[in-house]
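A.B. asks: One-letter residues, chain by chain:
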Amino acid sequence: MNNSFGRIPWLGVLAVVTMLPGCDSVDPPAFRMNMVEAVSYETAPEYQQEIADVLAALFGTPDEPFALPATGLDQVMLNRSAGPAWSDEAGYNYGLYRKHCVHCHGITGDGRGPTAMFLNPYPRDYRPGVYKFKSTYNPAKPTDDDLHRVLINGVPGTAMPSFSLLPGSEVESLVEYVKYLSYRGEMETKLIQYVFDELGVMEKLDDEGNEIIDANGDPVMERIPFDPTNDPDQREAVMDLLAEVVDAWDGANEMIIAPTEDSIPAEKRSPEELLASIEKGRSLFFDKDKGNCYSCHGPTGLGDGQQDDYNNWQKAHKKFLDETAKLAEKDELDDLEASLLDDREEVAESLYPLRNAIPRNLRQGVYRGGRRKLDIFRRIYAGIAGTPMPGGGPSAPGAKAGALTEEEMWNIVDYVYSLPYEPASQPQVVTPKYTQSITN
Amino acid sequence: MLYKPSRAALLLALLAVGVTGCQRADELGPIASASASNTIREALTAGGDSSSSGGAVAATGTGWATLKGRFVFDGTPPQMQPYNVNKDMATCAPGGQAPLQENILVDDASKGLANVAIYVRKVSRVHESAESTDSNQPFDQKECVFLSHVYPFVLGGPMIIKNSDPVGHNTNISGKNGFNQTVGANGETEHLPQKEEAVPVDVTCSIHPWMKCYFLPRENGYVAVTEPDGSFEISNLPAGENLEFQVWHESATGPGRALVLDTPTAKELKWSGKGRFKVNLAEDEEKVLEISVPAAALGG
Numbered sequence: 001m002n003n004s005f006g007r008i009p010w011l012g013v014l015a016v017v018t019m020l021p022g023c024d025s026v027d028p029p030a031f032r033m034n035m036v037e038a039v040s041y042e043t044a045p046e047y048q049q050e051i052a053d054v055l056a057a058l059f060g061t062p063d064e065p066f067a068l069p070a071t072g073l074d075q076v077m078l079n080r081s082a083g084p085a086w087s088d089e090a091g092y093n094y095g096l097y098r099k100h101c102v103h104c105h106g107i108t109g110d111g112r113g114p115t116a117m118f119l120n121p122y123p124r125d126y127r128p129g130v131y132k133f134k135s136t137y138n139p140a141k142p143t144d145d146d147l148h149r150v151l152i153n154g155v156p157g158t159a160m161p162s163f164s165l166l167p168g169s170e171v172e173s174l175v176e177y178v179k180y181l182s183y184r185g186e187m188e189t190k191l192i193q194y195v196f197d198e199l200g201v202m203e204k205l206d207d208e209g210n211e212i213i214d215a216n217g218d219p220v221m222e223r224i225p226f227d228p229t230n231d232p233d234q235r236e237a238v239m240d241l242l243a244e245v246v247d248a249w250d251g252a253n254e255m256i257i258a259p260t261e262d263s264i265p266a267e268k269r270s271p272e273e274l275l276a277s278i279e280k281g282r283s284l285f286f287d288k289d290k291g292n293c294y295s296c297h298g299p300t301g302l303g304d305g306q307q308d309d310y311n312n313w314q315k316a317h318k319k320f321l322d323e324t325a326k327l328a329e330k331d332e333l334d335d336l337e338a339s340l341l342d343d344r345e346e347v348a349e350s351l352y353p354l355r356n357a358i359p360r361n362l363r364q365g366v367y368r369g370g371r372r373k374l375d376i377f378r379r380i381y382a383g384i385a386g387t388p389m390p391g392g393g394p395s396a397p398g399a400k401a402g403a404l405t406e407e408e409m410w411n412i413v414d415y416v417y418s419l420p421y422e423p424a425s426q427p428q429v430v431t432p433k434y435t436q437s438i439t440n
Numbered sequence: 441m442l443y444k445p446s447r448a449a450l451l452l453a454l455l456a457v458g459v460t461g462c463q464r465a466d467e468l469g470p471i472a473s474a475s476a477s478n479t480i481r482e483a484l485t486a487g488g489d490s491s492s493s494g495g496a497v498a499a500t501g502t503g504w505a506t507l508k509g510r511f512v513f514d515g516t517p518p519q520m521q522p523y524n525v526n527k528d529m530a531t532c533a534p535g536g537q538a539p540l541q542e543n544i545l546v547d548d549a550s551k552g553l554a555n556v557a558i559y560v561r562k563v564s565r566v567h568e569s570a571e572s573t574d575s576n577q578p579f580d581q582k583e584c585v586f587l588s589h590v591y592p593f594v595l596g597g598p599m600i601i602k603n604s605d606p607v608g609h610n611t612n613i614s615g616k617n618g619f620n621q622t623v624g625a626n627g628e629t630e631h632l633p634q635k636e637e638a639v640p641v642d643v644t645c646s647i648h649p650w651m652k653c654y655f656l657p658r659e660n661g662y663v664a665v666t667e668p669d670g671s672f673e674i675s676n677l678p679a680g681e682n683l684e685f686q687v688w689h690e691s692a693t694g695p696g697r698a699l700v701l702d703t704p705t706a707k708e709l710k711w712s713g714k715g716r717f718k719v720n721l722a723e724d725e726e727k728v729l730e731i732s733v734p735a736a737a738l739g740g
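Residue numbers (our numbering), protein chains in the order written: chain R, 1 to 440; chain H, 441 to 740.
The set of hints was computed from the structure by calculation and includes no laboratory data. Don't take every hint at face value.
Covered by chain H, per the in silico footprint, the following chain R stretches (three or more residues, Cβ under 8 Å) [said to hold, decoys possible]:
hint: 1; segment: 35-43
hint: 2; segment: 181-192
hint: 3; segment: 306-320
hint: 4; segment: 366-377
hint: 5; segment: 389-395
Beta-carbon label-pair distances, calculated as ranges [stated by the list, open to error]:
hint: 6; chain 1: R; residue 1: Glu46; chain 2: H; residue 2: Gly535; range: 51 to 59 Å
hint: 7; chain 1: H; residue 1: Pro578; chain 2: R; residue 2: Ser169; range: 47 to 55 Å
hint: 8; chain 1: R; residue 1: Glu272; chain 2: H; residue 2: Pro578; range: 39 to 47 Å
hint: 9; chain 1: R; residue 1: Ala215; chain 2: H; residue 2: Gly597; range: 50 to 58 Å
hint: 10; chain 1: R; residue 1: Thr260; chain 2: H; residue 2: Thr485; range: 54 to 62 Å
C-beta: ideal position from N, C-alpha, C; glycine also.
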C-alpha cells in the first residue's frame, strides 16, 4: 500500500505537466511558406521572413483573413470561411474551410492536410492557381461557376466529395476562400521570384547611382531588404504583381469556351446518325495525325498508353528532387552549396512520393470534370490544365484553328460516351462451375 | 502491484511528451510577424507614392553598340546519350538510331558551347531592329526532336508551332504563357504568348516524353542563344548605360539554372551568383567576350 500511495505524486506530476503545455496551447494555425519555391530560388532566411510578413500584410492569417480592395475578394465571405469551426445560436456556420476542407487541402491550401498523403489522387494544391475542371481555355483561370460546380458535384473517382447539401451561401463563401488561397499562393511565388530577380546582396550605390568603393578598392556590398514600407518602388512592384494575379482571375469570364451553334449535334439524332458520328470519333481517336488520343489513353481506352509523364504539381517536385540529387552528386561542395544541399534535402524529405499522371480509363464512364457532353467537349478542346492532356482546339480566343474542328471534337465526344457501353467494357460474365449447387 | 508503473517509465513518458510536443514536425519555413505585417499593410493601403520610378531604367546615353563573343567549354565534353525513344520508332528513331540528348553540346573543333542563352534584363531604349515583332522564326519539331533546343521569342505577334513529322505531337509549354495543344502530323498551330519570362521555361511533348526544349519569350530582341560553335552576337544595344546580362544554360547549377562562373574573365565582369554581369558600352563600340565555362559550372 505504501508503494501505491508513493506513486500518486508521480502520477499527479505527470498529469499536471502534460496539461500545462497541453495540445490546446499551441500557436494558432499559420500559413506556411512554399519551401520548394523558396529553396529553389535560394531565398535567404531574412528574405523568407520578409516575404512571409508582406504576404500576411496582403492576406492576413488563417484566423484573420484580409483582402485588399484591389483583389475584389469579399471580406465577409472570407471571414465566414476562415477561423475555427463554430455555429452561432441561429445555426449560422463559421470556419467552413476548417470544417469541410482543411483535413485534405491543408491550412495553406497546399494540398497537404493530415489525410492528403493517403489519398490518390493527392488533394489539389491551390497555390499555383491551376485548376483542371473548368470551362475556359487551357491557361486561363476557372470561373466562379466552375469552382462552384466542382464543390456541388465533387470530383467523381477521387476523394473529393459533393458539398451539394451545404446552403448556397456556404458554398459561395468556400469558393471565395479557395480563390483567396490561390491568390495568396500565386502571390507568394511571385514575391519569391521578385526578391530573387531584383534584390539580394549588391554593390552599395551612392545617390548618383555609382558604386561606393572601400579602402581596398572593392565595392561595398549590402543586402537590399525587402521592405515595401520604406521603399516606394518595392511597394509599387508588390501592387503590380498583385494586379497580375487578380487580372488573370478577373478575365476568366472572357475565356469561356463556347461551342459554335452549328457544330453542336442535333438533340434528336437517329441511331444511324449517332453511329456514324461514333465511327468518325473512333477513327479520329486512333488517328496518329489528328486526334492521337490512343497514344495516351491506350489502344483499348483503358488509359494504358503513355503512363510515365507527370502533372505540373508533381513535375515541380520532380524537378526539385532531380536538382537536389544532382547537387548531392557533385564532387566538391563549397560552404554555400553544402548549406543549400541541407536545405534542399530537408524539403525533399517532406514531399510526398512522386506519382505519374495516368491517363483516364475511358471505359468506366466516370468523368472527373463532369459528365455533361459539354464538359467532355471542353476537355478535348482545351486539354486539362496542369496535366499532360493537350487540347485539340485553338489555344486562345482569336488564335488559329487547332488540330481538330469542333465537329470532329463532338464526334470524339460521341465515341468517348460510347466506350463504357461497348461489350469489352462490361464486367465479364462468369459461368459458375457448380451451377447445380447454386440453383439448388 | 499489477498496475504499478515504474518511476523510470513514468519519467520517460513525461519526457517523451515534453520533447515531441503536439506540433507537426514537417512544417518548414517562417511564420509571419503580426506587428511587421500590420506596418506593411498600412503602407500598402496608404495609397500610391508618385515619386516612384517604377523600376524603369533612366536613359543615360545615346547611340548603339554591340556585344558579341563565344562561350568555350573547359574540360572533357561529356558523351551525349541517346534519348530513350520507345514509340513511333520509324519517325523518331530513323534507321534505328535514336537522336542524342542535347543537354551539353560542345563543338569538337572549337570547343564552343551551344545553347547558352544570353540576354539583357532591362534597357532604357530599344533600337527599332530589336523592337517587338511578329516575324519570329516558327517553332518546329522533326524526328521527334524540337529543332531549337533553346527557342528565344520576341513578344508582339503569334508564335507559329509547326510539326514536320508524319505523326501527331503535342506542345506543352510551362510558365507564364501556358500552352498545351495537339499539333497534327505535318500541321501547325498558333500560340499567342503575352508575357516575358526571366529564364527559359520547359517545353515538352506528352506523347513523346523524351522531347524537351526551352522557351524564352522576351519583350525585346536583345537576346541570343549561342550557335554550335559557341558564338553569339547582340547588336544595336543602347550605349552609355549599365546593361545587366543574364546568362543561362540548361545544365548550369546556379539558381534557376543560371550559369554561375568564377573564372578570371568572369571576375573581371563581376559575374554574380545569379549568373549576371554588367557592361557599359560606348557608342559604336563592339565588345568581344571570350568566356570560358569550366565543366564544374555545368555540374561536371
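A.B. asks: Could you run down the list of hints and mark each one as holding or not?
C.D. replies: Hints, one by one, checked against the model:
1. 35-43: It holds: at least three residues are needed, and the segment 35-43 of chain R offers 5 whose Cβ sits within less than 8 Å of chain H.
2. 181-192: violated (count 0)
3. 306-320: holds (count 5)
4. 366-377: violated (count 0)
5. 389-395: holds (count 7)
6. R:Glu46 x H:Gly535: 51 to 59 Å: holds, 57 Å
7. H:Pro578 x R:Ser169: 47 to 55 Å: holds, 51 Å
8. R:Glu272 x H:Pro578: 39 to 47 Å: Taking Cβ atoms as reference, glutamate 272 of chain R and proline 578 of chain H lie about 43 Å apart, which means the hint holds.
9. R:Ala215 x H:Gly597: 50 to 58 Å: holds, 53 Å
10. R:Thr260 x H:Thr485: 54 to 62 Å: Because 46 Å falls outside the window, the suggested range is violated.
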